[in-house]
Amino acid sequence: MTAALRFDPIRLPPECEALRKDVRAFLAEEVAAGTFDPHRPQREGNDARGFSRRVGARGWLGMTWPKQYGGHERSFLERYVVTEEMRVANAPTRHFFVADRQSGPVLLKYAPEHIKMDILPRICRGEVCFAIGMSEPNSGSDLFAAKTKATKTDGGWLINGSKIWTSSAHVADYMIAIFRTSPSTKENRRHGLTQFLVDMKTPGIAVNPIRQITGQAEFNEVVFTDAFVPDDHVLGEIDGAWKQATSELAYERSGPERFLETYYVLTELVRAVGPNPDTRAAEGIGRLVAQLHTMRRMSVSVAGMLQAGKEPVVEASIVKDIGTVWEQQLPHRVRDLAAFVDTDPSNHATLADQLAFATKVAPKLTIQGGTTEVLRGIIARGLGLR
Amino acid sequence: MADNDNIVVATAERIFADLADPQTVTHSKDASWRAPLWQALSEAGLPLSWVPENCNGSGASLADGFGVINAAGRAGLSVPLAETMLAGWLLAQAGIASPSDAMTVAPSLPKDRITLNDDGTLSGVARGIPFASEARHIAVVANGANGLAIALVATADCRITAGLSLASDASDTITFDKVRPAAIKPAPRAFDATALLLMGGVARSLQIAGALESMLEISVGYANERVAFEKKIAKFQAVQHNLAKLAGEAAAALAAASSAADAIANASRFGDAIFLEAVSAKIRCAEAAEKGAAIAHQVHGAIGFTSEHILHRYTMRALAWRDDFGNESHWAVELGKRVAARGADELWPLVASR
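Protein chains in written order, with my numbering: chain A, 1 to 386; chain B, 1 to 354.
Just so you know, these hints were derived from the structure itself, not from any lab.
Only a predicted model underlies this, so the values are computations on that prediction, with no experimental measurement involved.
Careful, some of the hints might be misleading.
[To be verified] Computed beta-carbon distance windows for the label pairs:
1) ALA4/A to GLN39/B: 27 to 35 Å
2) ASP112/B to ASN276/A: 19 to 27 Å
3) ASP232/A to LYS231/B: 30 to 38 Å
4) LYS310/A to PRO110/B: 36 to 44 Å
5) LYS21/A to LYS178/B: 54 to 62 Å
6) PRO110/B to PRO14/A: 46 to 54 Å
7) GLY236/A to PRO110/B: 55 to 63 Å
8) LYS21/A to CYS55/B: 57 to 65 Å
9) ASP278/A to LYS111/B: 14 to 22 Å
10) ALA273/B to ARG189/A: 45 to 53 Å
11) GLN23/B to GLY59/A: 57 to 65 Å
12) PRO14/A to GLY59/B: 23 to 31 Å
[Claimed, not checked] If we take Cβ atoms under 7 Å as the criterion, some of the chain A residues that face chain B in the derived model are:
13) THR202
14) ALA206
15) THR267
16) VAL270
17) ARG271
18) PRO275
19) PRO277
20) ALA290
21) HIS293
[Unchecked claim] Derived lysine-lysine pairs resembling DSS-like cross-links, with alpha carbons at most 30 Å apart:
22) LYS337/B to LYS21/A
23) LYS201/A to LYS152/A
24) LYS235/B to LYS147/A
25) LYS201/A to LYS67/A
26) LYS235/B to LYS243/A
27) LYS235/B to LYS310/A
28) LYS186/A to LYS152/A
29) LYS116/A to LYS310/A
30) LYS67/A to LYS152/A
31) LYS235/B to LYS364/A
32) LYS231/B to LYS291/B
33) LYS291/B to LYS360/A
34) LYS235/B to LYS186/A
35) LYS231/B to LYS186/A
36) LYS186/A to LYS232/B
37) LYS360/A to LYS310/A
38) LYS232/B to LYS243/A
39) LYS243/A to LYS152/A
40) LYS291/B to LYS364/A
No residue lacks a Cβ here, since even glycine has one placed at the ideal position from N, Cα and C.
My request is simple: use the sequences and hints to build the entire structure.
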């Protein structure tokens, strides 16, 4: 008997709507001030740090964390609203996004008290940027093949080796990474990796940006040469990182960023076809909107289950699988549907620019944070097939 | 929506399991299983779930009734339970009491119109009406000179041309040739011509979602039993990934249909938000039916293509249900037009409002 899938029709509570208005008003001010252009996602902007501090000042970072660490003790559903409004607006969230979504929760769970008191309030104020050190030149999806070594020394560990495809490492203040502290064992090939907090200012760390097919250089190679990490920067159990990875992943996998990455091309398509689209364009738009609405309802449902203390691991993986495939195909579907739109440059230039960018971004969407193949493996395990 | 803690749904599931077991139904050479099933459903008050108690019904909530319809989909049920529930709901909108036997509703296709003539009779043709030939009465939405009316019509007074759905369930054409209804009343003000289509579409979406849940369950079960190349086919990554995709389609269908049902159950009228929810469910569930049924058959191989295997009860029904109450192409065009008319910058606020 297969465990039943659950997607309860959870609605965002009424307090979210006031928050949504606040976020929209804030973003409109930022657009007016020139921080970013919602119609030009390809423009990187140069004030991501300042934007991060202003978001923090609004109380929208560490929203769900305890107040003693600078958090705001609000619900995951409220955080959901902030995340989706920022994503749809193409706001420059890169300075705080990883810290707020992933690194902070890991520190909350595994860091010693004095480190939590030091770093978490700074994340909440939008002052620090985090990177995640998982992939290596010879280990990507196969996380447990990681070779970069942490060797015990007086008062800490010496790190040697390299991480790669590390987003934001060139601007990050900290990295949370897994390093090999023991060989794997015959019984458990996942054994022997430990999670560490690394201060990126540590001597012995070199960051080499890697240019991407979009023209941007957001990810990096990070080379460690006898970089020292103190003992109190070990996060969780030595050799036991594999036990710590699973529950946080549900948060990472099912958020609105997993289907809204290329959303702007749909908005721009609707603008380009105008108020009276032909049947072909109308049908195409209708299907895309139905698919979008469905994914959002799935994603909100998972957020609601997480808020209620459940662990919908399979459901969260399904949201990421379906969501990333959809956002990857979206620029291609929009291109099809725009094929017969009158090419009046006033309504078409922005769409053409956006499609060029979204089409180049698309290939990474089903790779980052767990490939489609890895996700389907997780879903298959949940179904009782492995 | 596996609401086994819901007593109404649990009652329905028990009756389906006892009297409409898919193996028994598939192997039955006649329709002898139908009468005891319908009798049990009637005794439990399920066909008239949505009829108030003072109109001869059991007065269940919309949410409970939707749960029953989802369970009927999981059971691949092939009797007019959802149709009778919809008919009872429709008649109750106008305060018309429901008769106690099986009913269906008309029209089902968005282009079909039934006209209320000046002399109080009905004219028109309604195609693709599920189970018309097995129902004693039809609840009808008719267009009169003074607006919409809701009518109760005896099937014996109409001409019925038999047809079959993909799943070989009755899907008939009803011709109303100056038929005098058994009862007729004006539709309430808040009721528009799409309300029946949207309500019916959500019912079909829940049934498709239920059928997909069952396709997933029996496909996973089969993959864990069937051995090929000296191992269970569940151990092949290609099969695992196909089943993961089927789970995704079942999940999408379930989420879309449950959301739409919840939206209707908590709304006072059929506005823009209900339109988005209901037609999105029908569109997405229809797409899921196509992708999901294909995978379920692929996993089963030749055995799933035989009439003696139960798989087709779910796959063919899910595919057939796409066509009732407006197919996905129809609703996609309507939704696309509304989105375009609202304008690009109003799309996200609409989606985010749900």
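Report task. Determine which of the earlier numbered hints do not hold for this structure and return their numbers in increasing order. Result -> Per hint list: 3, 6, 8, 13, 14, 30 and 37 violated.
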